[in-house]
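Protein chains: 8
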Amino acid sequence: MLEEILQQVQTGKLSVSEAKEKLATYEDLGFAKVDHHRKNRQGFPEVIYGEGKTKEQIHSIIKAIRSKDQNILVTRISKEKADYILREHPEFIYNETAQILYWKKNINGKESYQGYIAIVCAGTSDLRVAEEAAITAEALGSEVRRFYDVGVAGIHRLFDNIEQIQQATVSIVVAGMEGALPSVVGGLVTHPLIAVPTSVGYGANFNGLSALLTMLNSCASGISVVNIDNGFGAAYNAVLIDNIAKKGAKKG
Amino acid sequence: MLEEILQQVQTGKLSVSEAKEKLATYEDLGFAKVDHHRKNRQGFPEVIYGEGKTKEQIHSIIKAIRSKDQNILVTRISKEKADYILREHPEFIYNETAQILYWKKNINGKESYQGYIAIVCAGTSDLRVAEEAAITAEALGSEVRRFYDVGVAGIHRLFDNIEQIQQATVSIVVAGMEGALPSVVGGLVTHPLIAVPTSVGYGANFNGLSALLTMLNSCASGISVVNIDNGFGAAYNAVLIDNIAKKGAKKG
Amino acid sequence: MLEEILQQVQTGKLSVSEAKEKLATYEDLGFAKVDHHRKNRQGFPEVIYGEGKTKEQIHSIIKAIRSKDQNILVTRISKEKADYILREHPEFIYNETAQILYWKKNINGKESYQGYIAIVCAGTSDLRVAEEAAITAEALGSEVRRFYDVGVAGIHRLFDNIEQIQQATVSIVVAGMEGALPSVVGGLVTHPLIAVPTSVGYGANFNGLSALLTMLNSCASGISVVNIDNGFGAAYNAVLIDNIAKKGAKKG
Amino acid sequence: MLEEILQQVQTGKLSVSEAKEKLATYEDLGFAKVDHHRKNRQGFPEVIYGEGKTKEQIHSIIKAIRSKDQNILVTRISKEKADYILREHPEFIYNETAQILYWKKNINGKESYQGYIAIVCAGTSDLRVAEEAAITAEALGSEVRRFYDVGVAGIHRLFDNIEQIQQATVSIVVAGMEGALPSVVGGLVTHPLIAVPTSVGYGANFNGLSALLTMLNSCASGISVVNIDNGFGAAYNAVLIDNIAKKGAKKG
Amino acid sequence: MLEEILQQVQTGKLSVSEAKEKLATYEDLGFAKVDHHRKNRQGFPEVIYGEGKTKEQIHSIIKAIRSKDQNILVTRISKEKADYILREHPEFIYNETAQILYWKKNINGKESYQGYIAIVCAGTSDLRVAEEAAITAEALGSEVRRFYDVGVAGIHRLFDNIEQIQQATVSIVVAGMEGALPSVVGGLVTHPLIAVPTSVGYGANFNGLSALLTMLNSCASGISVVNIDNGFGAAYNAVLIDNIAKKGAKKG
Amino acid sequence: MLEEILQQVQTGKLSVSEAKEKLATYEDLGFAKVDHHRKNRQGFPEVIYGEGKTKEQIHSIIKAIRSKDQNILVTRISKEKADYILREHPEFIYNETAQILYWKKNINGKESYQGYIAIVCAGTSDLRVAEEAAITAEALGSEVRRFYDVGVAGIHRLFDNIEQIQQATVSIVVAGMEGALPSVVGGLVTHPLIAVPTSVGYGANFNGLSALLTMLNSCASGISVVNIDNGFGAAYNAVLIDNIAKKGAKKG
Amino acid sequence: MLEEILQQVQTGKLSVSEAKEKLATYEDLGFAKVDHHRKNRQGFPEVIYGEGKTKEQIHSIIKAIRSKDQNILVTRISKEKADYILREHPEFIYNETAQILYWKKNINGKESYQGYIAIVCAGTSDLRVAEEAAITAEALGSEVRRFYDVGVAGIHRLFDNIEQIQQATVSIVVAGMEGALPSVVGGLVTHPLIAVPTSVGYGANFNGLSALLTMLNSCASGISVVNIDNGFGAAYNAVLIDNIAKKGAKKG
Amino acid sequence: MLEEILQQVQTGKLSVSEAKEKLATYEDLGFAKVDHHRKNRQGFPEVIYGEGKTKEQIHSIIKAIRSKDQNILVTRISKEKADYILREHPEFIYNETAQILYWKKNINGKESYQGYIAIVCAGTSDLRVAEEAAITAEALGSEVRRFYDVGVAGIHRLFDNIEQIQQATVSIVVAGMEGALPSVVGGLVTHPLIAVPTSVGYGANFNGLSALLTMLNSCASGISVVNIDNGFGAAYNAVLIDNIAKKGAKKG
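If you read the protein sequences in the order shown, they are chains X, L, C, Z, W, F, G and B.
Position one of the first sequence corresponds to residue 1 (UniProt numbering), numbered consecutively onward.
Position one of the second sequence corresponds to residue 1 (UniProt numbering), numbered consecutively onward.
Position one of the third sequence corresponds to residue 1 (UniProt numbering), numbered consecutively onward.
Position one of the fourth sequence corresponds to residue 1 (UniProt numbering), numbered consecutively onward.
Position one of the fifth sequence corresponds to residue 1 (UniProt numbering), numbered consecutively onward.
Position one of the sixth sequence corresponds to residue 1 (UniProt numbering), numbered consecutively onward.
Position one of the seventh sequence corresponds to residue 1 (UniProt numbering), numbered consecutively onward.
Position one of the eighth sequence corresponds to residue 1 (UniProt numbering), numbered consecutively onward.
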């Protein structure tokens with residue numbers, strides 16, 4: 001494009017000032033290369049962190065996004081706020097356990113890709129975070145399988161499900177208390193595992209610090225960690241990995 | 001196999017006690033399903049953590065592994081210990097910066113897969129951890145590209161390289177001091193990013209705690225974190241992800 | 001049992017497919033050896049952690065357990081929730097200080113065993129945790145003696161009771177504030193002592209951290225520690241030890 | 001004895017002042033009841049914490065104890081110091097891994113009691129603490145079985161040994177890094193389990209804090225915790241419990 | 001008393017069994033020497049920590065103490081609870097800022113002793129703790145002078161009052177935020193100074209930890225520290241020191 | 001002045017007692033030199049920290065200050081309290097986001113000085129602190145430019161504004177979460193930068209500790225840090241620096 | 001410049017490909033606007049952090065910089081390493097207390113500007129950090145005045161110097177132990193104050209954490225803080241502020 | 001004195017300039033009132049903190065002080081440095097355990113005062129700190145009694161000495177590990193008690209933090225705390241209190 005402009009200047013088709021203006025735009029696009037990979041994110045919803053925003057604030061953000069016909073994912077949104085949105089947008093889906101409200105433009109056609117994300121946790125107390133991960137991953141377009149009662153203290157329940165977990169493309173393992181579950185699962189699988197400490201526990205748990213340290217210090221290989229209670233972040237990561245597998249599958 | 005044994009009992013080909021013995025083995029293999037996915041790890045080297053082991057201990061572990069013709073990777077091994085091993089195993093490769101000694105049985109043939117792992121760090125002080133990640137990833141069979149002078153404080157150097165980093169399958173971003181680099185890179189790429197805090201710094205750095213917290217709290221999506229200075233762990237993770245891409249590429 | 005099945009196949013009493021089905025169960029029981037020691041826990045109630053569960057949730061869990069005629073222990077359950085359960089299960093016992101609701105199928109006949117668990121604490125502020133331990137131990141079938149006003153600051157009250165404490169099979173010592181009581185008791189007894197830090201205190205107490213560290217650092221021998229406020233865990237431990245003594249007493 | 005003195009006063013065999021003197025002694029023994037349970041500790045060695053003491057200091061303490069023909073256990077003593085003691089006391093036994101030097105007066109005759117303490121750890125790096133526990137327990141008179149390669153990351157090795165661990169009277173589980181092993185073992189056994197965090201690890205391990213918190217927060221029942229690296233303390237506890245079982249066995 | 005009993009035995013006035021019973025009491029008093037210095041505390045009120053107790057509980061404790069005609073000091077008691085007590089005990093005095101309710105039997109006659117406790121703080125935000133100290137000290141019988149607006153940031157106000165502070169027998173210096181005031185005052189006085197960190201502040205104040213550490217690390221000599229917000233403890237200490245001065249003054 | 005007084009004494013114009021009185025004042029002014037630089041602060045408002053004060057308390061402090069015709073700045077004051085003040089002082093200005101209420105006596109005439117303070121933050125969640133800084137700086141007499149949507153994760157928005165930020169006299173950069181923004185801005189500007197960590201975040205953010213440590217450890221030069229959420233303190237600092245520039249501009 | 005190139009193309013002085021090449025450079029300079037404010041830093045030396053670099057590494061970095069005739073400042077460099085450099089560069093200046101080696105191209109001519117940076121600390125133990133700040137500021141071109149024995153515990157020494165400190169343009173206050181000095185100085189000056197905590201102290205000092213928290217929580221206005229022991233960072237900041245004053249002075 | 005000067009001016013005995021000079025001194029003494037209470041410290045030695053100073057530095061400080069015939073106390077001074085000083089000052093006394101070197105001008109005549117400071121600790125590991133306290137107190141002129149083997153774990157040894165401890169004017173209680181001793185002693189005495197945590201311990205002791213927190217949280221009244229290992233500070237405090245008692249005794 002630069003060459004073209006210069007030739008037009010050379011041949012008099014463009015005056016110097018016209019060329020300057022065009023090149024100014026061009027130069028302003030200098031930074032654009034920073035952003036052009038973002039296109040890959042197309043199909044990903046705009047994400048709104050609902051905590052600390054009023055229902056009106058959330059609503060007006062949603063309106064702005066919807067005008068661009070973009071998918072939407074609102075995390076940490078209470079039932080009361082969600083109901084407010086749902087009155088005007090009944091096509092939205094709300095999951096109360098996950099505290100997530102979302103809307104997806106198009107359910108894609110049948111895919112050949114068979115992979116899925118395994119979401120593993122020990123019990124009902126970690127459910128909110130596990131579901132935040134599960135719903136996020138689904139909203140971002142991945143298949144999810146839930147393994148929700150497979151804690152360390154009753155390890156045989158984990159073994160009953162281990163083959164299905166092993167066949168996942170990537171696992172998200174959510175654990176509070178002592179946070180040992182990712183270490184155990186990590187020793188049994190050969191795919192990437194994203195560990196999510198939760199703030200569930202009491203006493204010397206220190207709001208999830210105990211589980212966080214456990215996971216960072218895991219002696220099993222293939223484990224990386226996200227912030228305490230950050231089910232969304234874990235799912236985002238897992239979907240990026242799952243998409244790599246998908247891309248391969250599509251080629252195949 | 002169970003059916004076969006039973007039929008042989010039925011037809012008298014096996015006595016009850018012979019069948020019992022065979023099934024005992026079978027039953028002992030009951031746990032085997034736990035381990036059978038490990039086959040996927042074939043080709044991966046046995047990993048020895050060299051710190052705190054004498055050169056003689058390392059040597060005897062190596063001998064045991066070599067008898068099985070298995071690849072080997074020794075991390076956190078000093079030059080002095082490595083020299084000792086190299087005298088008997090001159091075919092091994094030692095990287096002093098990474099403090100890694102390794103041996104790979106077979107350099108695989110040309111692959112069609114063009115993907116690579118980007119390893120990003122700010123400067124010379126984080127080099128040891130970055131190289132631990134790089135050499136580990138290479139020893140585990142992945143292509144690596146190094147971006148080693150792209151810190152936050154001189155951000156234009158990062159932009160000079162950003163396109164190459166964006167085209168990687170997965171990034172490892174190593175940072176000490178305030179640990180802000182993964183957040184910046186994370187905002188510019190659309191692939192999974194593994195952040196490695198290092199213990200480089202002083203004062204209120206608290207041996208890497210500062211960088212670790214920064215990374216866990218990153219507001220960029222797609223970032224997961226491994227333990228302080230754990231270049232090996234980051235690489236292991238990245239290779240698992242890279243292998244997912246490879247598998248797709250092979251299919252294609 | 002395996003031999004039996006094989007002989008039945010040999011003699012034609014079982015077809016191959018029938019045998020396979022039976023052995024399938026057998027093989028599924030492969031993991032059962034992992035669990036078979038659990039039988040020792042018979043008589044132990046199912047434990048439900050009441051905090052964070054609604055009264056309806058607790059009720060439906062109780063119904064499921066009662067159908068198996070199993071003993072039940074609900075910890076951290078408020079009076080209001082307990083009243084809800086008691087309306088349908090008036091045979092249950094609720095202890096408000098301990099915040100425990102439980103039911104025991106059979107009060108065992110007179111035992112020859114004379115041992116007991118001593119539960120020691122300094123004052124009214126640690127009572128909730130001490131009673132959680134006491135009621136738990138009683139619900140699990142142990143004899144308990146309470147020593148509830150024997151703090152470090154008025155040590156003569158401890159000495160008035162020391163002989164009875166010394167004759168216990170195992171002691172649980174509950175302490176908040178500076179948590180020094182286990183060290184003092186630990187120097188005076190020759191049986192195992194389980195220390196429970198409580199979150200009682202203010203200022204630099206840091207929600208029980210102060211007491212926890214004190215107990216972990218105790219220079220008296222024979223002390224082990226459970227989590228802050230974990231009266232239940234201490235009692236569970238103590239009962240396991242008490243049961244060892246009981247088993248011996250029964251033999252004698 | 002009091003009655004005797006009074007009768008002698010009554011019958012004139014003792015003058016008032018003579019009786020007073022005798023009773024003074026008696027009264028001084030008032031505190032003795034505090035200490036009389038210590039007799040139960042007979043047979044237990046005197047314990048010397050070797051760290052920070054010179055070999056000459058250790059030697060002179062040993063001489064003082066030996067004059068009372070008492071068993072001796074020196075913990076945290078280096079080979080160089082131990083050699084110094086062994087030159088004069090060749091009958092002592094030194095274990096270098098455990099850093100323990102000890103002497104036992106009499107190896108007791110055959111006992112009917114078959115119980116033992118299981119000492120479980122994941123690998124070579126936790127060996128020093130595990131051996132401190134093992135040697136201490138043996139020196140205190142208990143039978144010990146070692147399970148030293150049964151970590152969480154390769155959980156099948158734990159299962160190969162689980163039955164023997166389950167049959168122990170009490171377990172000591174030693175773990176560094178993320179410290180998850182006690183939670184897993186705790187879910188599989190029905191006897192008391194003493195967890196020992198070790199300072200083995202790096203990065204966000206914080207000298208064992210990570211493992212300590214994991215163990216305190218364990219969701220498995222029956223676990224209590226001792227200080228970081230405190231193999232001695234765990235063994236002391238375990239032996240107290242084992243002695244309860246022994247006492248029962250002797251009665252039987 | 002012992003002699004008396006023995007003489008009665010000698011002379012037949014007491015039977016052996018009667019004497020035994022009396023001496024048993026005597027022996028029980030064996031520990032009494034532990035407690036006999038407590039007499040020095042006469043005149044000191046019984047102290048009740050009001051936080052976490054209901055008004056009814058406080059009331060019944062007060063009734064028990066009043067029956068012994070003992071002085072009373074209730075700390076951390078809200079106005080609402082105090083009003084409840086005052087309805088039945090209108091002779092009590094309540095100080096709302098200090099959250100203290102107390103009653104003193106007798107206002108002692110004129111003393112020759114002129115000493116006083118200086119209570120120093122920076123501003124209105126530390127007032128509650130300063131007043132807790134002041135009222136406590138007064139209730140315990142000491143003279144108090146308040147210096148309540150002499151912070152570090154406006155140091156000239158401190159200097160306007162420094163001579164009066166210097167002439168105190170002992171100072172209590174209360175400070176939140178950065179807690180620097182005790183260091184400054186400590187450099188200007190030659191009497192003992194008790195520093196009280198308060199939880200006043202925000203951000204990296206960590207509920208008083210900042211001020212606590214500042215005071216412990218003070219480079220001025222003659223400073224000792226009590227727990228965060230512990231105005232009562234500081235006053236108790238200061239009164240003990242003031243009483244030493246008083247005793248001397250009385251002698252003089 | 002001293003000489004004058006002495007001459008008047010010498011010449012009898014002043015009696016000794018009159019001179020003494022005058023010198024007393026003089027001596028009292030001994031400390032005055034400590035305070036005389038305060039004159040430079042003229043024009044600066046009196047600052048009232050509103051949190052924890054009742055509206056009545058704030059009102060009476062304001063009345064006292066207004067009697068001296070002094071500018072006023074109340075920080076951390078809720079809308080409800082501000083409304084109460086505004087009813088009597090309708091000339092006051094209240095900013096709800098910043099939670100600041102203030103009054104400035106005189107809007108100074110046109111200045112030649114063109115400098116300004118850049119206030120930079122990433123998003124809506126840090127707005128309260130950023131506005132506290134902005135309104136404070138304006139109330140203290142500085143020009144302010146706001147850059148409120150320029151976070152690290154979307155770094156191109158920062159670049160769109162970087163020239164204006166670079167031309168500021170001094171920058172205040174407000175950031176929560178991982179707190180990386182000051183490092184990035186610090187690498188792009190050549191003027192002093194004051195970093196303000198906020199308590200915005202969750203999980204391992206620890207109420208702003210994460211951001212605080214990040215900023216203290218920044219590898220960019222020219223950055224200093226104030227307390228968590230301390231927008232006021234940052235602005236006060238920035239205005240002091242801006243005033244240095246102003247003074248120079250006025251001279252010029 | 002763009003216009004010039006385009007005119008040359010228009011007039012045929014440049015071919016399209018020549019213009020393209022020139023503009024390529026121009027476009028590459030697209031990011032240059034990011035960096036163009038750096039020119040303001042001219043005269044500032046290149047800074048090398050000496051710790052952890054060998055003398056050879058430092059030497060070769062110096063050689064590279066000297067080829068550009070640039071000023072140089074090496075911090076945290078030991079005497080032994082400095083001597084090595086000095087042998088080849090005898091024109092360099094080394095300050096052992098500050099551990100700084102530097103070289104300045106040109107000592108600028110007499111300036112009209114009279115301002116200076118006050119560097120304040122309490123005693124000999126903080127000297128290394130204070131001198132790192134002082135030498136850095138001097139090497140960066142500012143006038144420095146040292147006030148090195150003015151601690152909080154002996155506050156009269158501070159007052160003897162307070163007027164000179166007050167007349168500085170900016171102060172750097174260095175303090176270890178409890179770190180209270182900045183609060184006191186901050187209450188007495190009306191210019192910006194940069195506080196540097198040092199790691200000097202013991203016990204609950206926690207390597208400077210105590211002083212750091214004190215300074216962050218200071219109730220005096222106008223204080224900002226740099227990292228523990230970061231004398232260089234404080235000086236860099238102070239010089240940026242001093243340069244603002246200089247610029248004004250030059251204009252005047 | 002001011003009046004006197006003025007009268008001399010009035011009467012012509014002093015010229016104005018002479019008076020000015022005298023008053024200048026007087027005015028310079030303006031701050032002196034700040035310092036005049038220091039006279040009370042006469043007899044107290046100058047204290048030099050030896051750690052981190054060379055023997056030559058210590059020597060030259062000593063020479064400067066000796067020229068004023070002042071008592072001297074050097075703390076934290078190694079034997080090797082002390083020997084160097086002792087060669088020139090053989091009249092000095094060195095205590096190696098306490099690491100203190102001191103010199104006292106005059107041993108005062110017989111005093112009527114019988115009071116003493118009790119220094120209490122548990123064992124040999126806390127000896128260095130206890131002796132630092134003891135020698136300091138003696139060097140500052142107080143009588144000291146040592147109770148050095150009275151730990152919490154063997155509490156009967158404490159009771160054997162409790163009466164003597166109770167009769168002290170003030171106690172210093174030194175404890176490492178769990179730091180429970182001050183709580184126990186504090187419950188048995190009625191005089192002020194200064195608690196000194198030591199850094200003795202391991203594991204979760206965190207260099208004395210555990211003992212420090214225990215002491216701050218003590219539920220016994222009359223306890224205040226100094227920094228970890230700060231035997232000197234405790235002694236300085238105790239001597240100030242002891243001097244109050246002495247002053248009274250002298251009057252009497």
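For the record, the hints were derived by calculation from the structure and aren't laboratory data.
Fair warning: there could be bad hints in the mix.
As the list claims (entries may be wrong) - Below 30 Å or equal to it, Euclidean Cα-Cα: the simulated DSS-like pairs (lysine-lysine) are:
id, chain 1, residue 1, chain 2, residue 2
1, F, K247, X, K53
2, Z, K13, W, K20
3, C, K55, L, K20
4, L, K79, Z, K79
5, B, K53, B, K13
6, Z, K53, B, K68
7, W, K53, W, K68
8, L, K79, G, K104
9, Z, K68, Z, K55
10, C, K104, C, K247
11, C, K13, C, K68
Index of numbered hints that the structure contradicts, given in increasing order: 1, 3, 5, 6, 8 and 11
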